[in-house]
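Enquirer: Line order of the protein sequences matches chains A and B.
Counted from 1, the first sequence has number 432 at position 51 by the working numbering; the numbering is strictly sequential.
Counted from 1, the second sequence has number 471 at position 90 by the working numbering; the numbering is strictly sequential.
Any given hint could turn out to be false.
No distinction is drawn between identical chains; accordingly, a pair holds when it is met within one copy or between any pair of copies.
[As the list claims (entries may be wrong)] Calculated pairs, EDC-like style, for lysine to aspartate or glutamate (alpha carbon to alpha carbon, straight line, at most 20 Å):
(1) Lys496 to Asp407
(2) Lys531 to Asp588
(3) Lys582 to Glu502
(4) Lys582 to Glu560
(5) Lys496 to Glu529
(6) Lys531 to Asp554
(7) Lys582 to Glu557
(8) Lys456 to Asp470
(9) Lys456 to Asp426
Just so you know, these hints were derived from the structure itself, not from any lab.
None of the values given here were measured: they were computed from a predicted structure.
Number of protein chains: 2
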Amino acid sequence: MARDSDAPSERVRVKRVHERGSYDRDTVHAILDAMPICHVGYVVDGTPYVTPTLQWREGDRVYWHGSSASRMLRKCEGAEVCLTVTCVDGLVLARSAFHHSANYRSVMILGQAEKITDPAEAEMRLKNFVDGLFPGRWDMLRPMAGQELKATTVLSMPISEASAKVRTGMPVDDDEDYELPIWAGVIPVRMQMLPPEDDPKNLPEADQPDHVTAFQMG
Amino acid sequence: MARDSDAPSERVRVKRVHERGSYDRDTVHAILDAMPICHVGYVVDGTPYVTPTLQWREGDRVYWHGSSASRMLRKCEGAEVCLTVTCVDGLVLARSAFHHSANYRSVMILGQAEKITDPAEAEMRLKNFVDGLFPGRWDMLRPMAGQELKATTVLSMPISEASAKVRTGMPVDDDEDYELPIWAGVIPVRMQMLPPEDDPKNLPEADQPDHVTAFQMG
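I would like the entire structure built from these sequences, with the hints used as guidance.
Expert: Below, the structure written as structure tokens:
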């Protein structure tokens, strides 16, 4: 991140359970790269809205996109937004209700969303998004039409004001509770990709590319 | 929902791709019940924040909780918030970049977050949360201490201003693109529970309860 990783801004400093907070660039990037699903927060007339979408990272910037008509994108453009990525890795069952928890990796990025105004750059970013998920796919596709590019907004934000929060491992119970015969542990959770489903309208020669069979996220 | 299901408020009316918008109570409830992970949006000094947490539903209200010291809970109390739940069900690969999409079920709820101030009610809500995820677990646990209850804030909001958005099925390509020998289809995605991991500090007689082995979400 642009700012000194030891000096997070007050806005993104992890307030609770400080040992779970992490500001180093590699941790933040690894979480963003592992999980395209994100939730974007923005404000309309004082009301917060949270919209799920997909993000991708290029260097020290994060990108997301959608229809130019989307309320989310129109309201985010030029505005303060919060982009949060969360991978839930497990549920943590303790011997008391109080110490139940979750294992997770999350990133929160604050900043001002900027629209990519140059159509060539927007198209390049979209290519990077598609190829980031599915290597080599962009060049297999019917080329993007100018009208489609016009109908698509790509937003971007520097990953400068960002924090990661990570919990791993077993429950941490009160000392005396370890004497209790209560099952404690972790139920690990992950995203599972099921076998790809062919579009029934595929031509017979359209085999599943490697980028489909090898796809993973989370 | 309290309001007529045919008349969503302007704030939550699905603006884009209207056929994906759904306001009926059963759809909203089913999504909330399937996925405890949620993202809560709130505003601090004009800046939106999006924090992941777990939610649960009781009747026509949604609940979430955490440490009383949490910034998220302190800032949400009495304020306008947005609680969004998202289940991503698949990635949708089309013959053009433009028609790529995702299959998902999501709910957005707007409203004012209210703190449960009666400790007995707060404890009952927490019991319902734990037992909702893990039936019968609450009564197996070391009872909650008064101090723990004090250190926990339970927030709630009516599910009155809510909308669901759902996409299912294959890509929808431009007519002429179906002639192209490009693989299209869906990569289905779901949450997978891996085998539970015993806390090494469990007493020998602490077997995995059914609510652990049978746990599912998503």
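Enquirer: Given a CA cutoff of 20 Å, do Lys582 and Glu557 count as a within-copy pair, a between-copy pair, both, or neither?
Expert: between (62 Å within a copy, 12 Å between copies)
Enquirer: From the Cα coordinates, with 20 Å as the cut-off, is the pair Lys496 and Asp407 best called within, between, both, or neither?
Expert: Neither. Shortest intra-copy (26 Å) and inter-copy (37 Å) distances fail the 20 Å Cα cut-off.
Enquirer: Are the CA atoms of Lys531 and Asp588 at most 20 Å apart within a copy, between copies, both, or neither?
Expert: neither (31 Å within a copy, 59 Å between copies)
Enquirer: Within a copy, between copies, both or neither: which one fits Lys496 and Glu529 at a CA-CA cutoff of 20 Å?
Expert: The answer is within: 16 Å in one copy meets 20 Å, while 46 Å across copies does not.
Enquirer: When no copy is named, should Lys531 and Asp554 be tagged within, between, both, or neither for a Cα gap of at most 20 Å?
Expert: between (55 Å within a copy, 18 Å between copies)
Enquirer: Measure nothing new, just compare the shortest in-copy and cross-copy C-alpha distances for Lys582 and Glu502 to 20 Å and report within, between, both or neither.
Expert: neither (33 Å within a copy, 55 Å between copies)
Enquirer: With identical chains treated as interchangeable, where does the CA-CA distance between Lys456 and Asp470 reach 20 Å or less: within a copy, between copies, both, or neither?
Expert: For Lys456 and Asp470, neither the intra-copy (32 Å) nor the inter-copy (27 Å) Cα distance is at most 20 Å.
Enquirer: Which holds for Lys582 with Glu560 at a C-alpha limit of 20 Å: within a copy, between copies, both or neither?
Expert: Between. Shortest inter-copy distance 9 Å satisfies the 20 Å Cα cut-off; intra-copy 61 Å does not.
Enquirer: Within a copy, between copies, both or neither: where do Lys456 and Asp426 come within 20 Å Cα-Cα?
Expert: both (10 Å within a copy, 17 Å between copies)
In this structure, the earlier hints numbered 1, 2, 3 and 8 are contradicted, and the remaining ones agree with it.
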